[in-house]
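J.: Sequence:
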Amino acid sequence: MSASTLAEQVHSASRTVPSGTLDLEVRHHLDRSFHDLDFVLGHAGPSNHASSAGGRYGKRKRTVKEEVDHWERDEAAAARDLESTSASLPQLLEETHTKLQTFLSSASELSVERYTVVDKLSYLITELNASEDEADGQTLLVQMEEMQAELARLEAGLAWASIMEQVLRLSEQILSPASHHPSPLAALPRYRELHSLIESLTQRLPSSMAVLGVITGVRESTWNGLREVLSKNLLDACEAIKWPSKVQYTSLSMDERRRFERAYSDLLYLQVEGENLHGPSTLAWSSGEALYSLQAMIKPIALRFKYHFQGSKTTNRIDKPEWAFANILDQIYEHTPFLLSILQPLTARSGYSEVDVRSEFILALFPTILDLLRQRIPLLLDRPALLAHTVYQTVLFDDAVREGGFVLSGTSAGGAEERWEGLTGVILREEGWFEKWLVGEKKFVDSQLHSIISSPEAWNISDEAMEEDETASGRKPSTSSRQIKALIEQVTDRYSPLPALVHRYPFLLQIQLPTLLTYHQRINGSLDAFESLSSAFARHIPGALSGGTRSGVHFDQAQLTSGEAGLGRLIKANLSAEWVVQAMKGWADETFFVELSAELRMSEETQWKIQDPLLPSEIKECGKDEVDVSVFDVLIEKYEAVCERSEDMIVRLVTSEVEQELKEHLKRRWDQTPGDASPPSPHLLSALTTYTLHLRALAADLPPVPLSRLYRRIVSHLANHITQRAIYSGWSKFSLTGASELRSEMTDFVSASAEVLRDAGGLVARGSEVPWKAILDRITVLALPTAEGKGEDKTPTFSQGMAAGWSDGEESLRLFCERAGVKGMDRQELQAVLRRRNECWR
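Just so it is clear: in the sequence shown, position 573 is 573 by the UniProt record's numbering, and no numbers are missing.
There could be a bad hint or two in this list.
Unchecked claim - Simulated crosslink set (DSBU-like; lysine-lysine; CA at most 35 Å straight-line):
1) K667 / K638
2) K232 / K242
3) K299 / K313
4) K313 / K242
5) K663 / K436
6) K585 / K663
7) K442 / K313
It is worth saying that the hints were derived from the structure and are not from the lab. Predicted, not measured: the structure shown is a model, and the values here were computed from it.
Input sequences plus hints: build the corresponding full structure.
T.: As structure tokens, then:
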């Protein structure tokens with residue numbers, strides 16, 4: 001807003017209004033707004049004042065004249081105020097106008113200065129971005145930035161060089177021979193100075209700066225250099241006492257002893273100082289870190305070891321790791337007296353009283369043997385047998401060291417480890433070694449398994465000499481089952497020495513159990529094929545072919561699945577499965593597998609890894625109370641099922657073939673008279689021959705217990721078949737002659753059984769008649785004579801049998817059965833047999 005406009009507004013607001021005009025406007029306003037003066041009495045000053053003065057007489061209304069006087073007085077006061085204000089207003093306006101003009105002038109000058117500054121700034125920016133040299137193309141700003149960066153780098157380099165100068169100067173002074181008088185330990189003060197300098201720099205500088213890594217490396221190399229100086233002094237002293245040969249300490253001169261003891265102690269003092277400055281070592285025991293003095297003394301032993309077992313000497317044989325282990329054990333044994341009598345007191349006086357020097361010496365030897373193992377094992381990964389032998393020898397070495405008194409807690413690397421895992425644990429933890437060994441073992445076992453089950457002699461009954469317990473049981477294995485057992489035991493021998501469960505159970509779950517399962521499937525599959533091909537297990541289909549072809553050559557399936565050949569196949573399957581069952585039961589009772597089962601059941605770390613269908617559910621339930629369970633229980637059940645199935649198939653094959661031979665014979669008539677007696681039929685002789693051959697085949701290969709079980713089942717089945725087809729529902733009833741012939745035929749079966757089983761001996765031979773007793777009792781009743789015997793013959797007659805069968809008393813039935821030699825026959829059965837005689841009138 002301009003100054004003139006502001007002045008006009010101020011003059012307009014302060015212009016004087018004529019009094020007459022003002023009175024007229026006031027009156028008009030009162031007439032319009034207050035038509036009744038009573039309405040404004042409470043607002044007018046004089047009226048209110050008069051009313052309050054009236055007191056108890058009430059309010060008095062103000063007259064118009066009083067009102068006019070009142071307002072005229074107010075008007076006069078306002079006029080005086082207006083006059084005073086109007087008098088001072090011009091001066092104020094003049095002052096305001098002057099100040100305003102000053103402000104406007106200043107604003108104009110500032111605006112001009114702003115434009116000038118902007119122009120100068122634009123000029124400078126243009127100059128900075130412009131290139132002075134067209135060929136170079138760099139602007140002044142870029143050049144300044146580069147010079148600034150270069151300056152910063154130079155300053156940093158100067159600081160870096162200054163730091164390195166200090167560090168290197170101290171390092172040179174520490175390693176200088178001039179600082180090693182009277183002993184290299186005299187350089188320790190300068191090393192402390194170097195250490196303090198580096199520690200202060202480490203705290204002040206960012207950890208990402210490369211200079212920290214350089215100066216830290218200088219410190220480490222300086223410390224190692226000082227340590228090497230002291231180690232050389234010790235080795236020189238060791239050479240004087242004929243180390244590493246057996247030390248005869250008492251025969252040494254006093255100077256040689258002092259020199260050795262001082263060099264030995266100096267190295268330990270250096271190590272104590274290092275632990276105070278750098279802190280104790282946190283490296284694993286397998287790293288080779290031990291007391292400085294013993295590490296130095298190990299060097300000549302390690303050189304001799306490498307010469308013999310890692311060089312071109314004949315002692316370096318990959319198949320003889322036990323030679324290298326024996327060399328290390330010999331070193332331990334040879335130097336033990338010197339370690340205990342001389343070095344143990346020296347070590348204790350030097351600040352390591354809690355260290356067992358013998359265990360520390362063994363700890364210092366470990367890197368020597370570990371280097372050999374790390375060199376050899378990669379060469380053995382494709383040779384499982386040699387690898388397993390090397391691991392086994394490593395386990396034996398670990399055991400020998402433990403038994404010799406090695407305790408990890410008694411060494412400088414003891415730490416918080418509760419149990420020493422041994423060198424075996426170290427090599428098996430190497431990346432990929434254990435897994436490759438496991439894969440190699442599995443390939444080997446799979447190859448062996450394939451060779452075993454595909455061999456032409458796989459299912460032959462083994463003629464090899466059996467062990468004492470196997471001979472006592474009478475079991476005869478097949479060639480394949482004996483080889484499978486040997487293969488599983490070979491794998492067990494390879495991994496059983498491993499100390500850790502995590503290294504043992506993969507062999508069981510990935511190799512042994514799958515191998516046993518594969519063999520089980522092979523046996524079970526052969527039984528499936530037998531059932532599908534054998535006429536004894538399949539219904540005859542009209543028009544079906546009895547033979548088959550293989551490679552264009554016709555072959556008769558009956559020759560493979562019937563007769564002695566078919567029975568032999570079933571016997572071999574049964575013997576194979578039974579042999580493996582007994583082997584697994586024997587393994588389950590061995591200490592190794594008992595402990596393995598318990599560890600798998602109780603270990604929480606391996607529960608997620610052992611969810612294998614071939615393991616019993618009790619083992620998978622971690623922490624379950626102790627139960628009698630084995631890792632082989634699931635497979636034992638599977639194999640026992642195969643054994644039962646093969647026995648069922650043996651019974652079915654034998655009985656079906658004998659019954660087939662008896663089929664025509666049992667159609668004959670049994671009611672012939674004595675004059676009609678005929679010689680035995682060819683069908684009976686064929687059936688008896690088939691029965692005898694099958695029974696002889698079973699007796700030749702089966703042990704007594706399963707032979708007795710199968711014999712009872714076969715005889716029971718045949719006796720029931722003959723009873724149902726001949727005695728109870730034959731083509732005719734029986735005469736005495738026919739019953740006598742049937743008894744003679746059954747006696748031939750019993751005699752043939754006894755003759756075959758006589759060689760089996762034991763209960764099998766003595767009880768050969770027992771399974772036939774039921775049918776023989778029925779035939780005895782069926783062949784009761786019609787007339788009483790003479791003399792001492794007290795055999796009851798058929799009439800007496802009828803009387804006993806249909807009598808009301810139990811006593812008569814009991815007496816009849818006792819006289820006839822019949823046991824266990826009730827009245828209904830007796831009546832049913834008697835009704836099959838022609839003479840029966842009931």
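J.: For every hint, state whether the structure bears it out.
T.: Structure-based check of each hint:
1. K667 / K638: Distance ~43 Å between K667 and K638 Cα, so the pair is violated.
2. K232 / K242: At roughly 15 Å apart (the allowed maximum being 35 Å), K242 and K232 satisfy the hint.
3. K299 / K313: 20 Å, holds
4. K313 / K242: 24 Å, holds
5. K663 / K436: 63 Å, violated
6. K585 / K663: 43 Å, violated
7. K442 / K313: Within the cut-off at roughly 34 Å; holds.
Figure legend: structure checked against the earlier numbered hints; hints not met, in rising order: 1, 5, 6.
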